[in-house]
Amino acid sequence: MSVNTNVLGGNKLKLRRRASLSDTNLLLIITCIVFVAMYASAVIFLKKGFLKPQMFFNILNENASLIVLSCGMTLVMITGGIDISVGQVTSLVCMSCAVYLVNYHGSVLGSLLIALGIGLAFGVVQGFLVAYLEFQPFIVTLAGLFFAKGLTTIISSDRVSITKDNCPAFDKLCKTEIVVPFLGSVNKKGIYIPAYVEIGVIVALLVVIILFCVLKWSKLGRNFYAVGGNNQSANMLGINVKLTKFIAHVLCGLCAGIGGYLFFLHAASGSPLHAQGAEMNAIASSIIGGTLLSGGVGNIAGTLVGVLSLSTIKNIVTSLGLEDAWWTNITVGGMLCIFLLVQSIVLARRHRNKK
Amino acid sequence: MSTNDLTISSKKSFKSFLGKVVHNQLFIPLVALLLLVLFNLAADWFLHADTSFFQIVLKPSSTGSKILTGNLITIIDNASELALLAVGMTLVTSAAGGQDISVGATIAIAGSTVLRIVKGYSPDISGGKFAVVIICSFLLCVVVSAAFGAFNGALVAFFKIQPMVATLILFTAGRSIAAWINNNDNISINDERFGYFGNFIPGIAIPTPVFITAICLIIIALVLKFTNLRLYAQSVGINSSSSRLNGINPKIIKLITFIILGICVAVCGFIKVSRTSSITYAVIANNIEMDAILAVALGGNNLGGGKFNMTSSVIGAYVIQFLTTTLFRMKVSSSAISAYKAVVVILLIIMSSPFIRRWLDDRKSRREAARVTKAEAALEAAVEVAGDVAADVTADVNAGKESV
Amino acid sequence: MEDGAVLEMRGICKFFPGVRALENVDFTLREGEIHALMGENGAGKSTLIKVLTGVYPKDAGTVRINGIDRPIHIKSPQDAQNHGIATVYQEITLCPNLTVAENMYIGRTKGPFTNWFRMNRRALKLLDELDIPVNPKEQLGNCSIAVQQMVAIARAVDMECKVLILDEPTSSLDEQEVQKLFKLMRDLKAKGVGIIFVTHFLEQVYEVCDRITVLRDGKLVGEYVIEDLPRVQLVSKMLGKEFDDMADIKSGADVVVSDLNELPVYEAKNLTGTTGIKPFDFEIRKGEVNGFTGLLGSGRSESVRAIFGADRVAGGIVKMNGKRVRITRPLDAMKHGISYLPEDRKNDGIVGDLSVRDNIILALQVMKGFFRPLSRAQAEAFADEYIKLLNIKTASTDTPIKSLSGGNQQKVILARWLLANPVYLILDEPTRGIDVGTKVEIQKLVLKLAAEGKSVTFISSEIDEMVRTCSRLIVMRDGKVVGELKGNDLNQNKIMATIAGGES
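In order, the protein sequences belong to chains R, D and E.
Residues 245 to 599 (our numbering) are what the first sequence spells out, left to right.
Residues 320 to 723 (our numbering) are what the second sequence spells out, left to right.
Residues 1277 to 1780 (our numbering) are what the third sequence spells out, left to right.
Hints were generated in silico from the structure; no laboratory data involved.
Where hints are given, some of them may not hold.
Unchecked claim - Chain D is faced by these chain E residues, among others (derived, beta-carbon under 7 Å): (1) Ile1368; (2) Pro1606; (3) Asn1623; (4) Asp1624; (5) Gly1625; (6) Gly1628; (7) Leu1640; (8) Phe1647; (9) Pro1649; (10) Ala1653; (11) Ile1739; (12) Asp1740; (13) Val1743.
Quick caveat: nothing in here was measured; it's all calculated off a predicted structure.
C-beta atoms are modelled at their ideal positions from N, C-alpha and C, and glycine is treated no differently.
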């Protein structure tokens, strides 16, 4: 029996070592490295303005909406679900707000409330169906997608644009530029052009920070991870799984509302063609950011990097002179493919080492 | 006493029969179909329609030959592609436990491949040569889309990526690849013979896609009957580790299901481009993946993999098309159709909700509990009378109670 | 409620569609006692516990708990925790993606925020107290199964509970860890906690428990003080019949026919696996029952998996009946007449949603090939035959296997491999986690098969089972074969000594 003790003692020494990297952090680090490498190589080899801070800020300006949508998506994906309605909800939000502002001469605050209301409504209904009636999230949100799409075209099948004439207050809001100090650039004529971001970016970054904190330090956030890791275990551990899933969907709906409004701010119009395929971009960003669709692993910071990577690659393709839209899609597909393979290989290796 | 027993047992058997029917997978799609039929009959009645929704007429087409027209024909014709996709999607769902969302994009690729071959030949080549061209283009398109299926399958099987994520790659890039195959040209084929496969062959009154789909469905049925595909796919979907230890290679099975789906997609792509003799890369088969997945779900199959019922999925596909046609009939604009679809989908799926099922089961067990408690009381009374027979049993129980 | 009781359950009923899982069961737990809940598989132990912890709603009956006058209604596991009922389940019910510390505290801290620093510190202190060798910041999925189980126990212990339920906590622990756990249980008992202990190991019951409640077929058999119930009687209460079956088996081990002139049925030289075992030689003859033994993790399962080709094989020469064969994947082994019943029934054995019939014919079907499916009638006939032969309790051949009890599931898997008509059958822990009655049946079956001329490798973590059934034992330690015992050497002391190594 003395042998046993020895073996155990050995184990103890071996096991009480420094904690190894968690899956979430590992994937996050991979994403960051790839993003930095990609941006750096763009700066070095392409030079077409990638060094200018404004280039980076433009990426943010264009993707404020996508960042928020992806954050919502990440939450749901961490709990092991999915929400494919966010793109069409965005479209619905844009259309409703545009029609409200133009045809009903509503106030800007009113339109914001409409946006949040729509997002919340979708979140609550879908969350209820998924969490409490136990429908498959894919199907429920597919229904949500159909519903939002139909509703958008029912409201108006044409593009509704906001101009200086039909709603000056909103026009002013969406043209507001927030100057970022010290990061401007000097153009050829030697005039200093300040760098700027739109209001949307500030909102998006706020959402990112808030959700990051929620996931990291709140009980709710940790419950998301627990539910996604193993929802039966989570139940046994005394977590209210249904409520947790419900909240994840509500938050995702809310994000879709906010993201929709940001899209509206950027585009200043409503159209049934807005945000087509945004849900897949959001899913792609989350995945590139290290969120696993199977749940339990993911990070908001990674998602932000994911969105940035996705748009950086698009910009790189464009500046290579491959203007055609299909090249962008093929590159994005290829990039997604590489990321998935890397994640798959890295995780498989870890789990083999464990044995 | 005996008659009493008889009525009870017949009542019981009816109940259990009803239970069997309700729990059967075909129940949901068939009820949905029935509801749609009833709805249309009612609509005929209330709208005083001149022609019934279900009327089928034989009338000359623009080319002169007589063809069948009517809503039912439209439904069966238009659902052809969806039914095929539902077949492949069911297999993929079963074995891989997830869905392929790239089918629409792969249809575009398949269609583009066909056109790339066919466009090179002038319309005046002879029938025999034309047949060779068509067969070549079809075979090539099968190979190409099976290869893309294999790509998806390899990601899922060998790299263990969830199907939805793996197929997201082609979903994003597929239509662009399709455009790239033909250098983004807008191609239209002027040869009317090319349109036979998506429309009507002169002299035959039934649309050709119906035949193509029927043949494919028969082939699939034969494959399921004469191979172990069903057992293997289900085993792999339910427990892949255990399947492996029983000699099944789960990776190969997953790959095979994706390749089969690829072949289904190829046929769909062929029909699609033949319907219009042209292709619009961004629009062809748009959102069809959602409908295909819906068909599988509507068929009562678990989207998480495992057991499946093919018939049910195929009926599901026809139900979806039936629904679309019904909505058109109700003058719902084509763009708004999805809103109504969503409502119907939710209603239909509520019927298959695990929550509802469990609620029913719970009620059943409560009732049984009440019955048993009553029976127990009766039994105790009986035990007192019968005494010694049950003495052994009660002795133990009493011993237990005494020690308490 | 009677004096000193912390928990009282009366007239509990629970029904599943078609099954009466619990009928009028009473159960009383007193302050400061360790109370064993015993019964065969399918007797309703797990169901009773799940009712008590709010996983299943009960259909009838009352639950009372010390300190509350009226019967309580436990709606969810959370509810049970709030009432001071802590549980460690048989299967690990923790989240593998969270850290060890989180798993210990999630779902039971106050306030909306997580204080990582405090949580890790408290976790470290508790882990040190319980002598669990793990870093609280480690992701749980990276820890060994035994450590995960200990973390689950640590969580339950820390809950300041009145009732602690341990549902087969020892199945993945080694002897040392079990002793640690028992010490812990006695400490808690001294503090007045009532402990419900469910286990299949009779020795453990007699080592720590004060009282035993026996269930059979969802009904209460009785409650006994441990001194009043000798082992043999306990077993007979659990089985519902007199217990002399063990005697039959003992005589069985003598019936060993090995003709040394005959070529071995299976012979391996330098078989090298990729799962951390050293290359080893092995042979088995017709009609022989041999066993692999060793501590958990000694490589006994890995060895037989290498024989079956379940894990990748790196090298070695394999001969069957003298002829050289290549076995690199399970299908090769099956085609050469080797069957393997895996250790992990739930993950490697059953195909849960498939019917009992499909589960039985699966291996035969795969061997016949992809293009030659069995007809429905054939399949039905095979299934019926083996259900009768092995006395499998199932409603019909169409019942999904996952709704059967553990022992019956194991029999179905056995049926699957018997139907494949192997010449060499490998059974890895066929008796783990199943009831005593089925254990005996399986051991008898093994001997019967050997008598029919089949070769069998039998692995069990209970050494007395091995001694009863095997004629030759291969002892492993740290992935290496360290000894081979047969004949008179085949006794408990000698085996223990060989497992432990040269020092004793």
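Results of checking the hints against the structure:
no. : hint    : in the structure
1   : Ile1368 : violated (17 Å)
2   : Pro1606 : holds (5 Å)
3   : Asn1623 : holds (6 Å)
4   : Asp1624 : holds (5 Å)
5   : Gly1625 : holds (6 Å)
6   : Gly1628 : holds (6 Å)
7   : Leu1640 : violated (10 Å)
8   : Phe1647 : holds (5 Å)
9   : Pro1649 : holds (5 Å)
10  : Ala1653 : violated (14 Å)
11  : Ile1739 : violated (26 Å)
12  : Asp1740 : violated (28 Å)
13  : Val1743 : violated (28 Å)
Checked against the numbered hints above, the structure violates hints 1, 7, 10, 11, 12 and 13; every other hint is satisfied.
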